[in-house]
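With these hints in hand, go ahead and build the complete structure from the sequences.
Residue strings, one per chain:
Number of protein chains: 2
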Amino acid sequence: MINELKSVPEPTLRRLPVYLHYLKDIYKAGKSEVSTTNIAGELKLDPTQVRKDLAYTGIAGKPKVGYDVEVLISTIEDFLNWNNLTDAFLVGVGNLGMAILGYNGFKKYGLNIIAAFDNDPAKIGREIHNVPVLPIEKLSDLIKRMHIHIGILTVPATEAQKITALMIQGGIEAIWNFAPASLKVPEEIVVENAGFTTSLAVLTRKLAEKLK
Amino acid sequence: MINELKSVPEPTLRRLPVYLHYLKDIYKAGKSEVSTTNIAGELKLDPTQVRKDLAYTGIAGKPKVGYDVEVLISTIEDFLNWNNLTDAFLVGVGNLGMAILGYNGFKKYGLNIIAAFDNDPAKIGREIHNVPVLPIEKLSDLIKRMHIHIGILTVPATEAQKITALMIQGGIEAIWNFAPASLKVPEEIVVENAGFTTSLAVLTRKLAEKLK
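In order, the protein sequence lines correspond to chains A and B. Residues 1 to 212 (our numbering) make up the first sequence, in order. Residues 1 to 212 (our numbering) make up the second sequence, in order.
Don't read these hints as lab results, they were simulated from the structure. Computed from a predicted structure; not experimentally measured. Glycine included, C-beta positions come from ideal geometry on N, C-alpha and C. A couple of the hints might just be wrong.
Claimed, not checked - No more than 30 angstroms apart at the CA atoms, straight line, and that leaves these computed lysine-lysine pairs for DSSO-like:
| no. | chain 1 | residue 1 | chain 2 | residue 2 |
| --- | --- | --- | --- | --- |
| 1 | A | Lys144 | B | Lys206 |
| 2 | A | Lys52 | B | Lys144 |
| 3 | A | Lys162 | B | Lys31 |
| 4 | A | Lys144 | B | Lys212 |
| 5 | A | Lys107 | B | Lys108 |
| 6 | B | Lys44 | A | Lys206 |
| 7 | B | Lys206 | A | Lys212 |
| 8 | B | Lys206 | A | Lys162 |
| 9 | A | Lys138 | B | Lys212 |
| 10 | B | Lys107 | B | Lys123 |
| 11 | B | Lys212 | A | Lys184 |
| 12 | B | Lys24 | B | Lys144 |
| 13 | B | Lys123 | A | Lys44 |
| 14 | B | Lys31 | A | Lys62 |
| 15 | A | Lys64 | A | Lys44 |
| 16 | A | Lys24 | B | Lys52 |
| 17 | A | Lys184 | A | Lys210 |
| 18 | A | Lys52 | B | Lys28 |
| 19 | B | Lys24 | A | Lys52 |
| 20 | B | Lys123 | B | Lys144 |
| 21 | A | Lys184 | B | Lys108 |
| 22 | B | Lys123 | A | Lys52 |
| 23 | B | Lys123 | A | Lys184 |
Stated by the list, open to error - Some but not every residue of chain B turned toward chain A, in silico, with C-beta under 10 angstroms:
| no. | residue |
| --- | --- |
| 24 | Gly125 |
| 25 | Glu173 |
| 26 | Glu192 |
| 27 | Thr197 |
See the structure below:
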């Protein structure tokens with residue numbers, strides 16, 4: 001696919017899963033074709049924006065009819081690399097870590113959490129939602145030996161940088177950061193801050209704009 | 001403040017909490033002044049971008065010296081409305097709902113979760129992290145009577161639209177949606193999709209771009 005290596009704007013990446021949800025809904029409801037105008041109308045977005053976003057995935061639309069829903073779904077999933085399962089480690093088995101381990105839908109999105117790490121002796125050795133909890137001391141070494149690409153960080157802010165260093169030492173490629181902390185990492189490491197605060201900033205500001 | 005009503009681009013809103021984390025870090029470390037060049041350098045962003053983002057908050061920088069760190073922190077917090085506590089209801093006391101109830105840092109961000117709702121009789125009547133769990137049937141009525149502005153949605157995707165309808169019926173203003181579903185809401189309702197999938201899309205695609 002020509003576009004496979006192209007860097008995509010983040011706002012586009014953030015909208016693609018929203019399109020996916022919508023497309024799966026209408027596919028389940030029996031619809032087989034959809035136009036950008038339909039998508040834009042339903043999701044209250046600009047049709048030009050939708051067309052541009054979808055163009056990044058490399059899909060070709062038919063004039064008038066639009067897209068084949070099934071093809072569009074799998075094209076977006078391929079583009080997001082959700083059809084390849086990537087192994088991941090999770091560090092920090094607190095409330096949020098457990099919620100993530102308990103969410104069994106991640107495989108649909110290409111994420112396969114194969115081990116969790118914590119420093120609490122009461123948790124180490126246990127299995128949580130079928131994922132074994134191992135001691136932090138083993139983190140770097142296992143990332144290296146198992147060629148793990150994704151580290152999920154669900155530790156308190158105060159521990160975040162320390163664990164990040166251990167992940168990088170092991171050779172992690174990408175960190176999904178749920179800790180409310182800004183991580184210092186070498187340029188080549190992908191960091192996606194999934195912290196509640198980023199999303200909450202959008203919510204509280206928009207609400208303030210609306211109510212004032 | 002002149003900019004208080006101005007609509008802000010979402011990418012800017014998403015970066016503001018990242019600046020905040022960094023500013024709080026250096027403030028704790030004893031730094032009292034900071035320039036956009038410092039911020040941009042540390043966070044690997046374009047200095048012009050940082051300057052533009054901060055300009056939205058209405059803060060004035062001093063040439064050469066930059067900003068007073070403490071003033072900048074409180075200006076961003078004001079701008080995000082994080083210095084006013086807003087009451088919120090949470091619906092869906094599963095793993096994720098519990099993680100959110102257990103995260104006691106939300107008050108720092110202006111969010112005060114005062115009740116949770118579920119349809120599981122084993123949960124109703126209990127208190128989870130000091131928040132009472134009430135039956136779903138009371139949701140609409142209590143939103144109305146207590147003038148609740150924010151609804152946090154942590155139910156499964158299949159329940160999301162139904163609960164959204166109940167929230168809107170009660171008069172909710174903003175929905176923080178953690179369910180992997182696209183919600184249909186009237187134009188005036190603020191919806192922020194905090195779903196894992198949005199963030200995961202950015203992570204998996206960037207990793208794919210990097211590894212290919």
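We went through each hint and held it up to the structure:
A threshold of 30 angstroms between alpha carbons decides the hint, and for Lys144 (chain A) with Lys206 (chain B) the separation of about 21 angstroms falls inside it, so the pair holds. Our distance criterion of 30 angstroms between C-alpha atoms is broken by Lys52 (chain A) and Lys144 (chain B), whose separation comes to about 41 angstroms. Distance restraint check for Lys162 (chain A) and Lys31 (chain B): the Cα-Cα separation of roughly 22 angstroms lies within the 30 angstroms cut-off, and the hinted pair is therefore satisfied. Note on Lys144 (chain A) and Lys212 (chain B): the hinted pairing holds, with a Cα-Cα distance of about 19 angstroms set against a maximum of 30 angstroms.
Taking the CA atoms of Lys107 (chain A) and Lys108 (chain B), the gap is about 34 angstroms. The hint is violated against a cut of 30 angstroms. Between Lys44 (chain B) and Lys206 (chain A), the direct Cα distance comes to roughly 27 angstroms. Compliance with the 30 angstroms bound is thereby established for this hinted pair. For the hint linking Lys206 (chain B) to Lys212 (chain A), the alpha-carbon distance of about 38 angstroms lies beyond 30 angstroms, and the restraint is violated. For the suggested pair Lys206 (chain B) and Lys162 (chain A), the alpha carbons sit about 23 angstroms apart, so the restraint of at most 30 angstroms is met.
A threshold of 30 angstroms between alpha carbons decides the hint, and for Lys138 (chain A) with Lys212 (chain B) the separation of about 28 angstroms falls inside it, so the pair holds. A distance of roughly 24 angstroms separates the Cα atoms of Lys107 (chain B) and Lys123 (chain B); the hinted pair therefore holds under the 30 angstroms criterion. Of the pairs offered as hints, the one joining Lys212 (chain B) and Lys184 (chain A) holds, with about 24 angstroms between alpha carbons and a cut-off of 30 angstroms not exceeded. For the proposed pair Lys24 (chain B) and Lys144 (chain B), the alpha carbon gap of about 37 angstroms is over 30 angstroms, so the pair is violated.
A distance of roughly 37 angstroms separates the Cα atoms of Lys123 (chain B) and Lys44 (chain A); the hinted pair therefore is violated under the 30 angstroms criterion. Distance hint between Lys31 (chain B) and Lys62 (chain A) is unfulfilled; the C-alpha atoms sit about 58 angstroms from each other, more than 30 angstroms. As the CA atoms of Lys64 (chain A) and Lys44 (chain A) are separated by approximately 20 angstroms, the hinted pair is consistent with the 30 angstroms bound. Using a Cα cut-off of 30 angstroms, the hinted pair Lys24 (chain A) and Lys52 (chain B) is violated, with the two alpha carbons roughly 38 angstroms apart.
Between Lys184 (chain A) and Lys210 (chain A), the direct Cα distance comes to roughly 35 angstroms. Violation of the 30 angstroms bound is thereby established for this hinted pair. Restraint check for Lys52 (chain A) and Lys28 (chain B): not satisfied, since their Cα atoms lie roughly 44 angstroms apart, outside the 30 angstroms limit. Only pairs whose Cα atoms come within 30 angstroms are accepted, and Lys24 (chain B) paired with Lys52 (chain A) is rejected, the gap being roughly 38 angstroms. At most 30 angstroms may separate the alpha-carbon atoms for a hinted pair to count; Lys123 (chain B) and Lys144 (chain B) meet this at roughly 23 angstroms.
Our distance criterion of 30 angstroms between C-alpha atoms is met by Lys184 (chain A) and Lys108 (chain B), whose separation comes to about 23 angstroms. Among the hinted pairs, Lys123 (chain B) with Lys52 (chain A) is inconsistent with the structure: their alpha-carbon atoms are about 46 angstroms apart, more than 30 angstroms. Restraint check for Lys123 (chain B) and Lys184 (chain A): not satisfied, since their Cα atoms lie roughly 41 angstroms apart, outside the 30 angstroms limit. A distance limit of 10 angstroms between C-beta atoms decides the matter here; for Gly125 (chain B) the minimum to chain A is near 21 angstroms, and the interface restraint is violated.
Using the Cβ-Cβ criterion of 10 angstroms, the hint placing Glu173 (chain B) at the interface with chain A is satisfied: the shortest such distance is roughly 6 angstroms. A cut of 10 angstroms between beta carbons decides the hint on Glu192 (chain B): the least distance to chain A is about 4 angstroms, and the hint holds. Taking 10 angstroms as the C-beta contact cut-off toward chain A, the hint placing Thr197 (chain B) at the interface holds, the least distance being around 4 angstroms.
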